[in-house]
Amino acid sequence: MTDSIVLEGTEETPSVKIIPAEGIFEISGRSLPENALEFFEPVLAFLNQISANPTSINAYNFKFEYFNSSSAKQILVILSKIKVIAEKNPSIIINWHYSADDTDIRESGEKYIRLVDHPINIIED
Amino acid sequence: MNKANIEENPDLKYIHYLYDTMIQNKLNYVYQGEFNSSITDKVLSFSEENLETTGTDTKVKKKVYFIMVECLQNITKHQNEIHDHEKDQQGIFMVRRIEDGYNIISGNLIENVNIDHLKSKLIQINNADKDGLKNLYMEILNDGVLSNKGGAGLGIIEMARKSGNKLAFDFEKLNEKLSYFYLQINILNDPERAITELDSINIAKDFHKEMIKKDILLAYEGEFTHEIIKSILSMAEVNIGESGVEVLLKKKVFNVMVEMLQNISLHSIEASTHAKTGKGLLCIRKENDSYVVTTGNIIADENIEELKAHLTKINNLSNQQLDELYNKIILSDRLISLEEKLSKKGAGLGLIDIALKCKRKLEFDFKRINHYSSFFTLQVNVSKP
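Heads up: the sequence lines are chains A and B, in that order.
My numbering applies: residue 654 is where the first sequence begins, and numbers increase by one.
My numbering applies: residue 5 is where the second sequence begins, and numbers increase by one.
Some hints could be false.
[Claimed, not checked] Derived DEER-like restraints, expressed as beta-carbon distance ranges:
hint: 1; chain 1: B; residue 1: Glu306; chain 2: A; residue 2: Pro707; range: 45 to 51 angstroms
hint: 2; chain 1: B; residue 1: Pro14; chain 2: A; residue 2: Asp656; range: 38 to 44 angstroms
hint: 3; chain 1: B; residue 1: Asn319; chain 2: A; residue 2: Asn774; range: 35 to 41 angstroms
hint: 4; chain 1: A; residue 1: Ser752; chain 2: B; residue 2: Glu52; range: 29 to 35 angstroms
hint: 5; chain 1: B; residue 1: Thr58; chain 2: A; residue 2: Glu777; range: 45 to 51 angstroms
hint: 6; chain 1: B; residue 1: Glu214; chain 2: A; residue 2: Asp656; range: 54 to 60 angstroms
hint: 7; chain 1: A; residue 1: Thr663; chain 2: B; residue 2: Arg364; range: 28 to 34 angstroms
hint: 8; chain 1: B; residue 1: Thr57; chain 2: A; residue 2: Pro707; range: 31 to 37 angstroms
[To be verified] Here are some chain B residues pointing at chain A (derived, C-beta under 8 angstroms):
hint: 9; residue: Leu137
hint: 10; residue: His230
hint: 11; residue: Gln266
hint: 12; residue: Ile334
hint: 13; residue: Asp357
Worth flagging that the hints you see were computed from the coordinates, not collected in a lab.
None of these values were measured; they are calculated from a predicted model.
Note that CB positions come from ideal geometry on N, CA and C, so glycine has one too.
Construct all of the structure, not just a fragment, from the sequences and the given hints.
In structure tokens:
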């Protein structure tokens with residue numbers, strides 16, 4: 654069984670909750686690390702791992718308040734990896750949450766649908 | 005050496021002037037605006053981080069910090085006692101990093117009727133020696149009869165005691181009812197020394213005039229470490245958040261600031277040499293309903309042409325085209341030229357992101373400093389969506 658990753662959110666990094674045993678995958682909050690690659694490295698490593706060994710995670714949830722351009726790139730990479738997993742497991746869904754007046758986050762979600770070329774549920778909270 | 009096409013942008017002249025003035029007068033940062041406990045909290049955190057970058061002796065740091073706390077509390081208290089004032093009559097807090105220490109300067113409104121009393125107090129404080137000050141302090145404490153200004157008398161005495169130097173002060177009449185009160189506290193790194201000649205408080209007064217003229221909220225010249233950027237963002241968030249400005253504008257300003265500050269941190273010449281973190285200038289000011297964010301940093305010659313081309317290109321693209329360029333870069337694993345260089349450090353998308361969010365041209369220029377570097381200024385106007 655792959656290990657969990659639980660990182661508490663800070664003023665500049667998002668909260669990351671990946672608990673395969675409970676089927677939880679959620680990244681939320683603010684993401685503005687200067688080196689997003691470094692920060693998201695464990696998440697990418699996790700996704701690479703489960704690509705070969707599927708887990709009980711059926712829903713991948715994203716609830717960003719804000720992310721900088723450096724994070725934007727990494728989020729794309731994360732979504733692309735999830736797409737690969739989802740192609741082998743069609744029950745998997747990706748949820749992109751945004752709060753009511755946050756047009757930027759909503760639009761980013763819609764953009765990612767095109768960039769990743771995979772369905773993403775854009776959900777207003 | 006490529007001198008061609010490096011012209012000053014007339015809209016950015018004032019920034020060059022600001023930067024030169026700050027360097028010449030060793031101005032570290034200046035904040036003009038609202039003062040309340042949540043804002044001063046953030047100003048203090050920022051000040052703390054700033055002190056960290058200076059390698060100052062711990063004892064001196066503590067003194068400086070203590071004096072800043074008192075100072076900020078004073079400004080808050082007195083500024084908020086006066087309810088009827090103009091928008092350009094805000095409190096001001098300034099820090100100068102002089103040769104052998106610091107100058108902390110505060111500015112706040114004062115009712116004319118209170119000037120004489122305050123003046124005589126300050127003169128009394130300046131004329132007292134160490135023991136005299138201690139006695140003065142105890143006198144007021146024991147007296148129990150504090151002036152109608154509350155504990156302010158004590159605060160100033162404490163600042164004088166901690167600094168070990170005379171206070172410089174001045175009053176500037178605004179109208180029949182109000183004046184502006186400037187107070188300058190000098191702290192030396194070497195506590196054994198005393199300042200023989202005080203730096204003129206006119207330096208602070210003159211700079212204040214510039215701040216008012218241009219409606220400048222914050223001007224900072226120094227290092228842009230990770231922690232400093234964080235504290236600046238925090239400060240800006242609270243300040244803009246409390247200004248009643250709508251949420252979307254506040255978010256936009258925040259977004260733009262993140263990208264611009266992280267750019268300085270990553271790309272200024274110091275970042276690529278021994279210093280490891282970028283150094284530069286940040287100026288935030290208001291213009292009608294918008295916020296204007298300007299950054300400046302020294303940049304190595306070899307990077308100028310490409311950066312200039314990148315910015316010019318961004319300015320000439322329609323929103324649709326910008327969007328396509330953004331997509332091209334973010335999708336690309338095999339990176340191209342400047343974008344590749346920038347992307348390695350994570351900021352290839354930053355400028356495009358700013359342009360997309362602001363929908364206005366990015367103002368910029370390069371001002372030559374010496375034969376291998378120039379000062380790069382970038383200005384973004386963030387207005388209501």
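Indices of hints not satisfied (ascending): 2, 8, 9
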